[in-house]
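Colleague: For reference, the chains in residue letters:
Number of protein chains: 2
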Amino acid sequence: MNATATPITDSQSPEAIVADMGRRARTAAKTLATMSSADKAAALKQAAAAIRADADAIKQANATDMENGEAKGLTPAMLDRLKLDDDRIEGIAAGVAAVAGLEDPVGTVVSTSERPNGLKMQRVRVPIGVIGIIYESRPNVTADAGALCAMSGNAAILRGGSEAIESNRAVHKALVKGLTEGGMPADAVQLVPTTDRAAVGAMLTSAGVIDLIVPRGGKSLVARVQDEAKVPVLAHLDGINHTFIDKDAKPEMARDIVVNAKMRRTGVCGALETLLIDRAYPDPAPLIAALSESGCEVRGDADAQKLGANIAAANDEDWDTEYLEPIVSVKFVDGLEGAMAHIAQHSSGHTDAIVTENKDTADKFLAAVDSAIVMWNASSQFADGGEFGLGAEIGISTGRLHARGPVALEGLTTYKWVVHGTGQTRP
Amino acid sequence: MNATATPITDSQSPEAIVADMGRRARTAAKTLATMSSADKAAALKQAAAAIRADADAIKQANATDMENGEAKGLTPAMLDRLKLDDDRIEGIAAGVAAVAGLEDPVGTVVSTSERPNGLKMQRVRVPIGVIGIIYESRPNVTADAGALCAMSGNAAILRGGSEAIESNRAVHKALVKGLTEGGMPADAVQLVPTTDRAAVGAMLTSAGVIDLIVPRGGKSLVARVQDEAKVPVLAHLDGINHTFIDKDAKPEMARDIVVNAKMRRTGVCGALETLLIDRAYPDPAPLIAALSESGCEVRGDADAQKLGANIAAANDEDWDTEYLEPIVSVKFVDGLEGAMAHIAQHSSGHTDAIVTENKDTADKFLAAVDSAIVMWNASSQFADGGEFGLGAEIGISTGRLHARGPVALEGLTTYKWVVHGTGQTRP
Chain A
1 MNATATPITD SQSPEAIVAD MGRRARTAAK TLATMSSADK AAALKQAAAA
51 IRADADAIKQ ANATDMENGE AKGLTPAMLD RLKLDDDRIE GIAAGVAAVA
101 GLEDPVGTVV STSERPNGLK MQRVRVPIGV IGIIYESRPN VTADAGALCA
151 MSGNAAILRG GSEAIESNRA VHKALVKGLT EGGMPADAVQ LVPTTDRAAV
201 GAMLTSAGVI DLIVPRGGKS LVARVQDEAK VPVLAHLDGI NHTFIDKDAK
251 PEMARDIVVN AKMRRTGVCG ALETLLIDRA YPDPAPLIAA LSESGCEVRG
301 DADAQKLGAN IAAANDEDWD TEYLEPIVSV KFVDGLEGAM AHIAQHSSGH
351 TDAIVTENKD TADKFLAAVD SAIVMWNASS QFADGGEFGL GAEIGISTGR
401 LHARGPVALE GLTTYKWVVH GTGQTRP
Chain B
1 MNATATPITD SQSPEAIVAD MGRRARTAAK TLATMSSADK AAALKQAAAA
51 IRADADAIKQ ANATDMENGE AKGLTPAMLD RLKLDDDRIE GIAAGVAAVA
101 GLEDPVGTVV STSERPNGLK MQRVRVPIGV IGIIYESRPN VTADAGALCA
151 MSGNAAILRG GSEAIESNRA VHKALVKGLT EGGMPADAVQ LVPTTDRAAV
201 GAMLTSAGVI DLIVPRGGKS LVARVQDEAK VPVLAHLDGI NHTFIDKDAK
251 PEMARDIVVN AKMRRTGVCG ALETLLIDRA YPDPAPLIAA LSESGCEVRG
301 DADAQKLGAN IAAANDEDWD TEYLEPIVSV KFVDGLEGAM AHIAQHSSGH
351 TDAIVTENKD TADKFLAAVD SAIVMWNASS QFADGGEFGL GAEIGISTGR
401 LHARGPVALE GLTTYKWVVH GTGQTRP
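Residue numbers (UniProt numbering), protein chains in the order written: chain A, 1 to 427; chain B, 1 to 427.
Don't take each hint at face value.
It does not matter which identical chain is meant; a pair holds if it fits inside one copy or across any two.
What the hints assert, rightly or not - The calculated DSS-like cross-link candidates involving lysine-lysine, where the alpha carbons are at most 27 Å apart (straight line), are:
hint : residue 1 : residue 2
1    : K30       : K359
2    : K230      : K45
3    : K359      : K83
4    : K177      : K30
5    : K230      : K219
6    : K364      : K30
7    : K30       : K247
8    : K250      : K120
It should be emphasised that the hints constitute simulated quantities derived from the structure, not laboratory data.
Generate the whole structure from the sequences, applying the supplied hints.
Modeller: So, in structure tokens, the structure goes:
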């Protein structure tokens, strides 16, 4: 089923498989790094067409996974994530084609300068090299992540969940068929052929072989990856996001933002988890009422509890909890300083927002809050690569280096220094 | 001797010391992150003045280290690195003042865009946070690294070699005196008070406490740091640098560049280690002769050996050796492709150069060679932050993420997303 040039035999150890895939990925990466944007885009369009053409084979493979999943007793939610139908396969193909339309950062000159001795220095964007993607049951990641890596000139090593292995193989086969027809190396996007979990460990410790690991999945996966990895990881573990309603907030805007940030979709990483309200905010009761009316359970500090009979007491744990459910914790704070102190202690560094009509207050908040995304008068549910205009997203990073917040093509590149001389020697 | 606000008692474990310093560094970093460039520069100028004013105390402390070092039998080279005299102390102070004159990247808007819904997205440069510097016997690093971190708004945790502890304490005391007089927090630059080597291990594993580790020292230090660190590391292990003399190189330029790249200073990381010569280059003998005449030992492949009686045979190990001495390995290759294949296999990704008059050949080399620095018609000895116009250098990175090549202030920053809305909620 493995569509790469030289099939790997099952008798190899996971470490040997990953090492071999890494060598082939490095070779492929050298070719990808010098492909033109137009050539990469053309190959991705071929891949989208190949996925459409292979829809029946993909559905058939998916049916096997679904049967096995049902037999194994996967939850309905897991089975839903696993399921591929015509609409979803079309969505996967359209996603790959959309990546082909994104602006290619490779080759962009980041900075340029000339020294007094005539040396010309440029920093030029280049692909990172080999990206490892570790994901769970969603087979669409096979195509999404593979396309983003290939378009940014990186080779990808994909390792999806065992419950989706047949679907992943079918999607991968179509993807690679299209990419190679479009002129990309067969090893541009490789799928780890074994479902042995030791392969994940081998990827995580393969420093120098894989340059960056992107985990795509639930918290336990991300935690394992962050804990075990010797390779740099681009990820977020938690989205414990705050919205602070300043005393100068417009009540109607505050209410709409809070309800949207919490309730639009409660399971996304940009969802509001803790609402901070300035003690000087004139009329907080409607905020709480709007959350309750929208079906949200409210847990509050002593002051918040006074605002409604149905408000449970928040305990210490609530301030550090990412509910990902229709539950919100509410705390009253002493102005901007109180809000910033709470956020500094409890934020996971993902997305924190302020609602205020006072520009000075907003500027202080935006400058001092040290999260990947800080927002003024907007719903934290906008924390998403598409909404940020990136066209796609390989992940959201709460790390402090390289790339932060939503990451798409540019975050999959780095730079190198290119120096043009005319024979200069150093005195 | 520790000049920070709350002296640490000797009874704490290295882990507890590092954790406590980390907490204080994080607090200091929050203040540093919002200081204006002018205020940071003023504090650094105060620090330079304080180092000058404390010159006698620094010399006295250094004399103790020198005595202890002689008693311990340090080599003359190590003692020379340790030694501080009036000139060197003035150099340290001038270095700190020079950092105050550098352009501050913090607050720079990296990108800006507006979405159809009116949301304004900016990426704004912010400090990384807490930087750990691990170094050996050069006490000047205390001031150099501390100044670069502080000017870029980062808190620094410095851990110098035990043989320089008294000198480091004296330099650190003066530095912090000046910085605090200039309005910086006392914990902006902290020096690990213990010489217990376990403190290094504690720093390397303090993910979330220290955001980035920069090792400054020899290969064994860097190797230990890269091997043990759970925290991201900015470093280079090796500088196995190549210069390729293409068939279209100007002979005189080729000779000057090769001799300079190898012999100007043989102990620097940008020094040439392997010379690759195109088989079609018309007259290679003068290149080899110039190296020999300049006092360089030449080890060559069979073809190179034909060019001189005193050329030893290079073995397989030579192609992977960073000599850091007046020794060079020479290999003849089949044109650009041969050079690029050798470099892909043996380069440490530091600095690789081509000498040619043919722009097409140069462009291919510059695009395909995957090193932090690639050069055309220039000596690889220019691989240095000062020569690149960065004004200083915290280190040179051969990593593939975040920052590559010479790193100064900008490489000590990252970005955050700042989103300005007018009440937008996500549909």
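Colleague: Taking the hints in turn, state whether each one holds.
Modeller: Structure-based check of all given hints:
no.	hint	in the structure
1	K30 x K359	between (49 Å within a copy, 21 Å between copies)
2	K230 x K45	neither (35 Å within a copy, 40 Å between copies)
3	K359 x K83	neither (47 Å within a copy, 53 Å between copies)
4	K177 x K30	within (20 Å within a copy, 51 Å between copies)
5	K230 x K219	both (19 Å within a copy, 19 Å between copies)
6	K364 x K30	between (45 Å within a copy, 12 Å between copies)
7	K30 x K247	between (56 Å within a copy, 24 Å between copies)
8	K250 x K120	between (52 Å within a copy, 20 Å between copies)
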